[in-house]
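Asker: In case you want the letters, here they are:
2 protein chains.
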Amino acid sequence: MKFTNSEENYLKSIFHLQMQQGNVSTNTLAATLKAKPASITDMTKKLNAKKLLHYKPYYGFYLSTEGRKAALEIIRRHRLWEAFLAEKLEFQWDDVHEIAEELEHISSKKLIDKLDAYLGFPKFDPHGDPIPDNKGKIKEPRKISLLQMQTDVPCIVCQVGNDSAELLELLKHKKISIGSKLSVKKRFEYDHSLEIKINQSLITISNQLAKNVFVTYES
Amino acid sequence: MKFTNSEENYLKSIFHLQMQQGNVSTNTLAATLKAKPASITDMTKKLNAKKLLHYKPYYGFYLSTEGRKAALEIIRRHRLWEAFLAEKLEFQWDDVHEIAEELEHISSKKLIDKLDAYLGFPKFDPHGDPIPDNKGKIKEPRKISLLQMQTDVPCIVCQVGNDSAELLELLKHKKISIGSKLSVKKRFEYDHSLEIKINQSLITISNQLAKNVFVTYES
DNA sequence: TTTTATTTTTAGACAAAACTAAAAATTTTT
DNA sequence: AAAAATTTTTAGTTTTGTCTAAAAATAAAA
Chain R
1 MKFTNSEENY
11 LKSIFHLQMQ
21 QGNVSTNTLA
31 ATLKAKPASI
41 TDMTKKLNAK
51 KLLHYKPYYG
61 FYLSTEGRKA
71 ALEIIRRHRL
81 WEAFLAEKLE
91 FQWDDVHEIA
101 EELEHISSKK
111 LIDKLDAYLG
121 FPKFDPHGDP
131 IPDNKGKIKE
141 PRKISLLQMQ
151 TDVPCIVCQV
161 GNDSAELLEL
171 LKHKKISIGS
181 KLSVKKRFEY
191 DHSLEIKINQ
201 SLITISNQLA
211 KNVFVTYES
Chain F
1 MKFTNSEENY
11 LKSIFHLQMQ
21 QGNVSTNTLA
31 ATLKAKPASI
41 TDMTKKLNAK
51 KLLHYKPYYG
61 FYLSTEGRKA
71 ALEIIRRHRL
81 WEAFLAEKLE
91 FQWDDVHEIA
101 EELEHISSKK
111 LIDKLDAYLG
121 FPKFDPHGDP
131 IPDNKGKIKE
141 PRKISLLQMQ
151 TDVPCIVCQV
161 GNDSAELLEL
171 LKHKKISIGS
181 KLSVKKRFEY
191 DHSLEIKINQ
201 SLITISNQLA
211 KNVFVTYES
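Chains as they are written, first to last, in the numbering used here: chain R, 1 to 219; chain F, 1 to 219.
Where hints are given, some of them may not hold.
Remember, identical chains collapse to one label, so a pair may be satisfied in a single copy or spanning two.
Stated by the list, open to error - Using 25 Å as the maximum straight-line C-alpha spacing, the simulated DSS-like pairs for lysine-lysine come out as follows:
hint: 1; residue 1: K181; residue 2: K2
hint: 2; residue 1: K211; residue 2: K181
hint: 3; residue 1: K175; residue 2: K46
hint: 4; residue 1: K34; residue 2: K2
hint: 5; residue 1: K110; residue 2: K88
hint: 6; residue 1: K45; residue 2: K69
hint: 7; residue 1: K197; residue 2: K45
hint: 8; residue 1: K109; residue 2: K88
hint: 9; residue 1: K88; residue 2: K114
hint: 10; residue 1: K45; residue 2: K181
hint: 11; residue 1: K88; residue 2: K69
hint: 12; residue 1: K109; residue 2: K186
hint: 13; residue 1: K123; residue 2: K88
hint: 14; residue 1: K109; residue 2: K137
hint: 15; residue 1: K110; residue 2: K45
hint: 16; residue 1: K51; residue 2: K174
hint: 17; residue 1: K56; residue 2: K69
What the hints contain is simulated information worked out from the structure, not anything from laboratory work.
Since the structure is predicted, the reported quantities are computational estimates derived from the model, not experimental observations.
Take the sequences, apply the hints, and build the full model.
Answerer: In structure tokens:
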């Protein structure tokens, strides 16, 4: 599917806010996109009609599987261009963002895959942020304690922090293993514990455990 | 000055048509831009207000010095990106145009100059078309008989076809020498002779002479 | 639980760039 | 030079994405 530049900017911003703050409200989006709340309502209505996001008023937006896939594609383009600018054209690493904001909207898949190959399939951009691969997967595992998402973003467990018998015992008991699909449902500020959905059931895991479970995103 | 994508496409098309056919009418432009004549009237009004072109109804459009400068900048971007796509990303030479149509609208001067340097300041794009330098000059000399422009595009004589005594005598008599500024004013279909303005006066030169006078554009 | 404050949406307007249909201007043909 | 054909412009719409101002919905505070 093809999107307008504006639609792409919305998808990207929602994705980033979802990662950073979990909750994405109309006002929050308005602030990051430097637009008025009324404009946000208009555009998100459109994205909702296209099934790119879900929305519950006074609660927040979150991207659908489709929307997340699109966002990751845009982020991939952005970060690959940043890598190109810094590595090949010798831009300063802190000087690439603005130009990449324009380049990211050029959507030719062939172009991006060739650029990726030309750069040697880099895993990180010049700021150290991970570059999604051509299937939208971010290779770099991330601690679920750091993905501060409240909503249904599906992840796959790909690594655990250490091999201590105690950790493995706990993981076994909770039925969490490499390849398990899970999504973070709720975060509790009090003790930073998480409620996650795994194997069709909701379970709670402590912050300490969360710090030792690494996940990657589904495309 | 910054232009919208649409304005840039108009400037570019007018430039190319001016080169190829001399005369650029509303309908001609409509055909090449795949737009309706009414749309052309609207946009050219805008470009005229911005002093990027001149226009006489039923005669044609031609770019002002400003407009030509802008067009050459866009063409420079387009051709540099084409060179990049073909040389570095290994695109087929006949497969680069469409993507370059998008890339050409990214206007960062720094980006383009760095890209130029990275490619080693190429003089031609993969189709063999000359790439304007960062001052808007096209290095490749062109025969004035081939620049089929009817209007005031200022050129500078930079080379003559051969050094025969007869040719040099004629050039001397007409006061045409390397560095002379001239512009083609009129073309006669009958014998392909040209009326050109040089040293503040109008003179006529034969097709045979025109074939042996090479010019480059002023920026 | 009522009032107050905040958040979100609606309604209506605007600018850009395109369109259609019709009118006007100019050129070409007879 | 009048009629016919062509070219160009005008007038009015449409779409996209934004805006302002006001209304409505919800959450927070008293």
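Asker: Are the CA atoms of K56 and K69 at most 25 Å apart within a copy, between copies, both, or neither?
Answerer: For K56 and K69, the Cα distance is within 25 Å only inside one copy (21 Å; across copies 51 Å).
Asker: Which holds for K175 with K46 at a C-alpha limit of 25 Å: within a copy, between copies, both or neither?
Answerer: neither (40 Å within a copy, 67 Å between copies)
Asker: Could you figure out if K211 and K181 sit no more than 25 Å apart (CA to CA) within one copy, between two copies, both or neither?
Answerer: So K211 and K181 pass the 25 Å test inside one copy only (17 Å; across, 73 Å).
Asker: Have a look at K45 and K69 and pick one of within, between, both or neither, based on CA distance no larger than 25 Å.
Answerer: Intra 19 Å, inter 42 Å, cutoff 25 Å: intra-copy only.
Asker: Taking 25 Å as the upper bound on the Cα-Cα distance, should K109 and K88 be classified as within, between, both, or neither?
Answerer: both (20 Å within a copy, 17 Å between copies)
Asker: Within a copy, between copies, both or neither: where do K123 and K88 come within 25 Å Cα-Cα?
Answerer: Both: 16 Å inside a copy, 20 Å across copies.
Asker: Is it within, between, both, or neither for K109 and K137, if the alpha carbons may be no more than 25 Å apart?
Answerer: Within one copy, since 15 Å is at most 25 Å while 34 Å is not.
Asker: One pair to classify: K88 and K114, alpha carbons no more than 25 Å apart. Within, between, both, or neither?
Answerer: The answer is both: 15 Å in one copy and 9 Å across copies each meet 25 Å.
Asker: Between copies, within a copy, both or neither: which fits K109 and K186 at Cα up to 25 Å?
Answerer: neither (36 Å within a copy, 47 Å between copies)
Asker: Is it within, between, both, or neither for K51 and K174, if the alpha carbons may be no more than 25 Å apart?
Answerer: So K51 and K174 fail the 25 Å test inside a copy (34 Å) and across (72 Å) alike.
Asker: Between the shortest in-copy and the shortest cross-copy C-alpha distance, which are at most 25 Å for K197 and K45: within, between, both, or neither?
Answerer: Result: close neither inside a copy nor across copies, 28 Å intra and 61 Å inter.
Asker: Should K34 paired with K2 be assigned to within, between, both, or neither, using CA atoms and 25 Å as the limit?
Answerer: Intra 23 Å, inter 21 Å, cutoff 25 Å: intra and inter.
When the structure is compared with the earlier hints, violations turn up for hints 1, 3, 7, 10, 11, 12, 15, 16 and for no others.
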